[in-house]
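Number of protein chains: 2
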Amino acid sequence: MKIAGILNAMSLFTDIIQRINTEPKKAPQPLPETKSGFDEPIYKQDQQHPSIAYMYLKRKFRDLGRMNAIIETLGRDFLTAMPNGAYQSRLGQISFMHRLMHEDLTEEETQRWLDRARDHQYKSPDDWDEWDTANLNEMTNMYLMFTNVDPDLIEDKARLSYEGRNHHRALKETGDWEQAKGFLSAQIDLNRKIADARCKTLGVDSHYQMLMQEFMPGMTIYDTELLFNSHEDALNKIYPLIQAKQASESPPIEIDAKYDSESQMWLNRSLLEVIGFDFERGGLYETGHNPVEGGTVDDTRLVISNVDETNFLNSMKSALHEGGHGIYIQGLPRQSWRYQPVAMDLGAAVHESQALLIEMILGRTPEFFEFLSPRLEGLFHGMNNQALSPENLYKRKTRIKPGVDRKKADEVTYFFHVNLRFKLERDLIDGSLSINDLPEAWVEGMHASLGVLPENHLDGCLQDVHWFVGKFGYFPAYALGHMMAAQFHNTMKKEIPDMSEQISEGDFSQIQGWLNENIYRHGRLMSTKEMLKKATGKELRAEYLEKHLRKRYLD
Amino acid sequence: MKIAGILNAMSLFTDIIQRINTEPKKAPQPLPETKSGFDEPIYKQDQQHPSIAYMYLKRKFRDLGRMNAIIETLGRDFLTAMPNGAYQSRLGQISFMHRLMHEDLTEEETQRWLDRARDHQYKSPDDWDEWDTANLNEMTNMYLMFTNVDPDLIEDKARLSYEGRNHHRALKETGDWEQAKGFLSAQIDLNRKIADARCKTLGVDSHYQMLMQEFMPGMTIYDTELLFNSHEDALNKIYPLIQAKQASESPPIEIDAKYDSESQMWLNRSLLEVIGFDFERGGLYETGHNPVEGGTVDDTRLVISNVDETNFLNSMKSALHEGGHGIYIQGLPRQSWRYQPVAMDLGAAVHESQALLIEMILGRTPEFFEFLSPRLEGLFHGMNNQALSPENLYKRKTRIKPGVDRKKADEVTYFFHVNLRFKLERDLIDGSLSINDLPEAWVEGMHASLGVLPENHLDGCLQDVHWFVGKFGYFPAYALGHMMAAQFHNTMKKEIPDMSEQISEGDFSQIQGWLNENIYRHGRLMSTKEMLKKATGKELRAEYLEKHLRKRYLD
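Going down the list, the sequences are from chains W and V.
Here the first sequence is numbered in my numbering, starting from 594 and rising by one per residue.
Here the second sequence is numbered in my numbering, starting from 594 and rising by one per residue.
Next up, chain W with everything else stripped away, as it sits in the complex (with noise of 0.2 Å):
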């Protein structure tokens, strides 16, 4: 149960917002003198507000963050340096943890709490600031999604989930379908029953739906298949544009080289440091497994796979990647509403929306590299190295190539590696694939798309480890971040007239200013559509990644 992960688009709570907002039953006692604890002196979850219940909820949600951040500490050293002998008794605490929230959320005063705060809140509107009215929709919604599902199955998905890692970890190595199909199976099956009994509190009809609104607060499956069937349209057009205008250029000069990797990490960490990461709450490690996203605001520290010694570039993107996910991370509301609801990111289509802008859109301009190419020169000494030239590196990263790969795909045939899971996910889900078929459906999705077949499972189904960890109804963030990344950037370059040229200087004080001012600093003060159409004008379209599509490979 990640807090970031658990909040559905409030319109569809309207109906339970007004069911439960009947008259307490019982009144809260006023509470005792605040004591934050020992955070930060001033609090908006400590400040006065006339609704007792409302003060007793902040007090409640403060406790609820709070574990949260333990989970992510436990977690991350549970992936990253605890010893193997750890391994069972870390998973029985980490899931005895998740129970615990659980059972603290969904204890019966908080749902009299709630009733009572609304009730206020309806009498007297006045004492409701914008602030505080969106902290209270969200523990609603966050209670909603929470309330009739089983402990046990909390318990069961945390558990899970990080048996997963090591059970696809450990598939690296055989590959073996058969052993997959039941862990996988498990997965699916868990991840059903969760849903379902959130469609029943929600009176939602698909198990998928509610799993993509719980890491997609709003976001509809309509919606989805409405935006990626343009963009498949779109890419359909220019992607064979794109392929001959490329075979009909001289290739970009391989980089292969030896770069050690305390270069890496130094070049790694200072360009995180240009795009504004502060490494006073956060840093950036290396580790065996796969990469760890989160964190909190007060302790952001990203780990990326090691490091490939033969190529830089790769894992400079997964720090670009990771470093877009960290200062959205850093930026949320930290000094008011440590922990609170509001202040929680807007979900895993924003999240990847700002990974995906530093990583491929800001992090491929021609600019960027004119930045990095002389101080690249001097890292790995290589003075006047053409394979090091800007114009060389922006070739070399903006290559298309169709492959099996969803991690090494290029920014144009990403979408299809995408669509692709979200189709087959969205159907293992609602049950019209059996996980019998998922191999066979999967090979053919990639002929059909890209024209490419995997040779094996690991190439195929078995690549990710998102279904592992039970993550089914997040890959739709990736493409629909990729859209949202290229509408903030088209409405970024005309507020930030000079953005180039900060860009080609490593200034990106401006860009992330606009971040903060128009996304970061609100939290969950507005729905990921009201946030989208203030910064942008528009709600979320398809054209704009085709026309960034079309103008970086086609002009």
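Check each hint, because a few of them may be wrong.
Note that the list lumps identical chains together, so a pair holds whenever it fits in one copy or between two copies.
The calculated lysine to any residue pairs, modelled on SDA-like cross-linking and capped at a C-alpha distance of 20 Å, are [what the hints assert, rightly or not]:
id	residue 1	residue 2
1	1140	1003
2	653	697
3	994	674
4	637	681
Simulated from the structure, these hints should not be mistaken for laboratory data.
The hints should help you fit chain V onto chain W, whose structure is shown.
Just chain V, lined up with the frame of chain W:
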């Protein structure tokens, strides 16, 4: 609130146990089918027992044990890896977890279940084997230690103990007594308040006695004074003889040179493997902070101060000390009693006995240096280097020199450092020494016992981290542990006749077997007194340490 440090001698509690042993108010319901979470398959804690209340208690204490393990992980991360900016929020998280544990332990149902289980035990003693009996006693003790303590004090204690580490580190720059005084006063005040609540519950009349019992169940001020006075008398006789003897001998060749830190850490880790430390369930790391003790039976990550490259003996000493702690932790009952109170260690004195047995007693035998010397020659490239000869290493590590620094003290003068701290903290807590008079009392004590004078507060009363982290009542454990180690050693020599030869071959298997058989595997099945009597035939006596020192330093 460390579980490992909160129990008291059972003998003290007979009255109170009687008092709470009234008829239960409300019968607990039968437990649903147990589910131990995701630890190993068979657990005593999951085993059916005719007392349903006891089943509930086992489940509660399993969860308390998990919380304690979680706090261990948060704390280790706090002290070794966390970014600075997370300082305040992590303090909040850790103190919150302590509060949660406290509330869970002291909630009303705990007493009800304890009443009920004790009643069952009284009526059907045959249902209770020795392990269940000891476990229930430890549960009762733990409950009594906390039941009347204000949760705010528990939160404050957790916070102050971490703040104290930082405070102490900052003081190392300034050495400012006035600043230290304020902080230490707050610690004394807080610890007195907690002790006061416990004294009332348990009918104990000395605050310091109460604090000492937290670290060393069953150990009284009176016994400690008797043992310390006896040892002081002995030392006053033999210490001048040792000084005279060593003054007539040639000094050891200094080993100061350059020893790279990677080789040192390899050596330290290898020596831990030699003594039987399991790296599958633990590790050894360096830190810029003070070393971190602790860990759990599943995750024993030891941390020592950053290696000194001019002298490998310093980090080796720390590694052997922490390694002694580590093998004790790892040897506690794991498979069947994990997380249950009966599986805890016996407290600080026994813990230090294990650390000092390895570090000071076995780790400074001529045989140990015989094993070590040729390997050092290879590791540090010093073939036939006389500084690394067994004889010189032995001479170097058994050289007596009075000094102001406890951590650098030799095996003979170490006691004087501990004895001074014991008397000062006893008087600080019981009020007969004012904090204002501490620096002077320290200087006087050092001069009277060892004839040395600290040049400043950092070499004097500010040198240790213990009081800053709120550990009042811990210091005696070092000297009591040293005595205990000598007493164990005395028996081991008889029961493992060729122990010396085994050590010279780097074979600690029989030594570890003896420690496991007599100490580790019992957890808290017996009290310290009972364990000592069973293992060595006698209660704790000072004479074995004197005998050991006479043999090593005067024969």
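Hint numbers contradicted by this structure | The structure conflicts with hint 3 only, although it agrees with all the remaining ones.
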